[in-house]
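Engineer: Residue numbers (the working numbering), protein chains in the order written: chain A, 5 to 277; chain B, 5 to 277.
Note that these hints are calculated values from the structure, not bench results.
Nothing false has been slipped in among the hints.
No copy is singled out in the list; a pair is fine if it fits within one copy or between any two copies.
Derived DSS-like pairs (lysine-lysine); straight-line CA-CA distance at most 25 angstroms:
1) Lys111 to Lys176
2) Lys23 to Lys111
3) Lys234 to Lys111
4) Lys109 to Lys23
5) Lys182 to Lys23
Here are the chains, one letter per residue:
Number of protein chains: 2
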Amino acid sequence: MQHPIAILDSGVGGITVAKEIIRQLPQEKIVYFGDSARSPYGPRKPEEIVRFTMQIVRYLLRFQPKLLVIACNTATAVALDQVRASVSIPVVGVICPGARAAVKKTKSGVIGVIGTECTVRSQAYDQALKDLSPKLEVLSQPCPRFVPLVEQGDFHSPQAKQAVWESLAPLKHHAHGKPMDCLILGCTHYPFLQDAISSVMGSGVELINSAEETARETSAVLHHQGQLAKTRERPVHHFLCSGNPATFQGIAREWLNEDIQVTPVVWQGPKYV
Amino acid sequence: MQHPIAILDSGVGGITVAKEIIRQLPQEKIVYFGDSARSPYGPRKPEEIVRFTMQIVRYLLRFQPKLLVIACNTATAVALDQVRASVSIPVVGVICPGARAAVKKTKSGVIGVIGTECTVRSQAYDQALKDLSPKLEVLSQPCPRFVPLVEQGDFHSPQAKQAVWESLAPLKHHAHGKPMDCLILGCTHYPFLQDAISSVMGSGVELINSAEETARETSAVLHHQGQLAKTRERPVHHFLCSGNPATFQGIAREWLNEDIQVTPVVWQGPKYV
Numbered sequence: 005m006q007h008p009i010a011i012l013d014s015g016v017g018g019i020t021v022a023k024e025i026i027r028q029l030p031q032e033k034i035v036y037f038g039d040s041a042r043s044p045y046g047p048r049k050p051e052e053i054v055r056f057t058m059q060i061v062r063y064l065l066r067f068q069p070k071l072l073v074i075a076c077n078t079a080t081a082v083a084l085d086q087v088r089a090s091v092s093i094p095v096v097g098v099i100c101p102g103a104r105a106a107v108k109k110t111k112s113g114v115i116g117v118i119g120t121e122c123t124v125r126s127q128a129y130d131q132a133l134k135d136l137s138p139k140l141e142v143l144s145q146p147c148p149r150f151v152p153l154v155e156q157g158d159f160h161s162p163q164a165k166q167a168v169w170e171s172l173a174p175l176k177h178h179a180h181g182k183p184m185d186c187l188i189l190g191c192t193h194y195p196f197l198q199d200a201i202s203s204v205m206g207s208g209v210e211l212i213n214s215a216e217e218t219a220r221e222t223s224a225v226l227h228h229q230g231q232l233a234k235t236r237e238r239p240v241h242h243f244l245c246s247g248n249p250a251t252f253q254g255i256a257r258e259w260l261n262e263d264i265q266v267t268p269v270v271w272q273g274p275k276y277v
Numbered sequence: 005m006q007h008p009i010a011i012l013d014s015g016v017g018g019i020t021v022a023k024e025i026i027r028q029l030p031q032e033k034i035v036y037f038g039d040s041a042r043s044p045y046g047p048r049k050p051e052e053i054v055r056f057t058m059q060i061v062r063y064l065l066r067f068q069p070k071l072l073v074i075a076c077n078t079a080t081a082v083a084l085d086q087v088r089a090s091v092s093i094p095v096v097g098v099i100c101p102g103a104r105a106a107v108k109k110t111k112s113g114v115i116g117v118i119g120t121e122c123t124v125r126s127q128a129y130d131q132a133l134k135d136l137s138p139k140l141e142v143l144s145q146p147c148p149r150f151v152p153l154v155e156q157g158d159f160h161s162p163q164a165k166q167a168v169w170e171s172l173a174p175l176k177h178h179a180h181g182k183p184m185d186c187l188i189l190g191c192t193h194y195p196f197l198q199d200a201i202s203s204v205m206g207s208g209v210e211l212i213n214s215a216e217e218t219a220r221e222t223s224a225v226l227h228h229q230g231q232l233a234k235t236r237e238r239p240v241h242h243f244l245c246s247g248n249p250a251t252f253q254g255i256a257r258e259w260l261n262e263d264i265q266v267t268p269v270v271w272q273g274p275k276y277v
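Make a model of the complete structure from these sequences and hints.
Structural biologist: This is the structure we're talking about:
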């Protein structure tokens with residue numbers, strides 16, 4: 005039996021991580037849980053996000069995963085430590101891999117971060133960046149309009165572009181001594197809007213896609229644990245979703261360019277609240 | 005007491021890794037051993053490289069390192085498994101980080117690798133790349149003239165450029181269906197020649213600097229072990245060299261842009277052979 009990599013997100017955002025894991029580790033089997041019924045997590049209280057995340061982790065453990073990816077910046081920001089303490093497998097969050105990539109890329113030492121309100125408020129990126137390199141300067145901007153757009157599959161409309169433009173304006177026009185040269189997409193939903201974000205920020209700002217970086221860190225952790233899949237067979241992935249499976253499937257198929265099936269999961273009873 | 009990160013190389017090549025570790029993890033203390041007296045390792049027999057590497061590892065363990073970086077592709081290719089089996093701390097080699105970065109970057113699926121004769125003959129990169137993603141195509145080219153140039157501090161002369169041009173010609177003119185879009189600098193000495201290599205290969209080929217990638221993997225491994233340095237004091241690094249300390253110091257100072265001191269180490273007795 006091949007133990008899968010379990011991935012969870014508040015909705016379709018983690019699909020950007022799943023896609024990169026499938027690309028960078030094509031022999032690994034994935035089981036994905038998107039909590040679209042309760043998306044977005046960004047405006048919720050930390051205690052609630054921790055409760056939802058732990059519930060999904062317990063659900064995913066049934067699949068006997070060898071590694072768990074919290075493919076949601078909001079959940080990583082507030083629940084990573086608790087999840088790590090409660091399971092015996094390695095847990096990879098999306099914040100440290102993005103922080104590490106930004107530290108590697110930046111020349112100016114000024115790094116931008118965009119994320120949900122909860123992620124920005126938690127200062128998890130500031131902490132992760134400064135733990136690595138105390139002299140970095142970090143400029144953060146919450147972008148609460150992005151996740152709802154992405155969950156609706158709306159990445160390219162004039163309204164989406166307008167929302168991106170307006171949300172990034174404070175960051176772009178930030179008066180500053182040294183120029184920001186990296187912008188961390190601190191939410192796994194944001195790569196869906198990457199083209200629009202890139203055209204607003206211009207070519208002087210490199211976008212750090214935490215999905216790519218998380219896939220790479222997953223590869224490194226599995227390697228150092230001696231747990232990379234050895235099979236040469238093409239794995240069959242498993243997608244689960246608490247919300248509308250058709251919407252999820254449409255977005256996931258477009259992004260993955262693959263014909264996937266989605267299993268609906270209905271939260272029941274008192275655990276739902 | 006702050007436990008250092010120990011780094012070893014056949015000579016000055018690992019300085020490219022040390023520089024990136026200092027940049028990406030400025031709070032970490034480094035102890036570096038360059039075996040310049042016995043450089044280059046590339047043309048040597050694997051048994052001899054394993055013996056030399058194990059000797060340096062034993063020497064470095066006196067400094068009670070928390071992690072060991074084999075910052076030499078040749079030594080990683082032939083001695084990594086044996087080093088890992090003989091020490092109780094994490095050991096990071098330079099091959100897998102570079103392979104992982106290339107897998108992340110490539111779009112065409114065709115990856116070039118340049119390294120010493122021993123590294124190329126070992127097929128360690130082919131193996132690491134195909135373990136991650138079996139369908140990749142790998143084109144390898146040994147460049148035995150590069151390490152002696154770098155050990156002499158000769159990076160910019162017309163002779164150096166000529167050697168780079170001639171060494172890369174077979175790779176550049178390789179008739180191929182799909183174009184190579186990444187070239188792994190599969191030797192830690194090669195970033196010293198990066199400008200020349202880049203101008204020969206052209207803008208369509210992204211160079212993967214295994215030094216940068218190894219520093220990043222070191223950061224990830226320390227993070228997952230809970231062993232990143234917490235101090236905010238500037239650490240004092242320690243450089244040791246078995247060859248001419250003045251030559252080593254000149255090259256290291258130029259590359260690190262820092263005034264370092266080098267302690268000479270003389271191999272004595274039967275262990276030297």
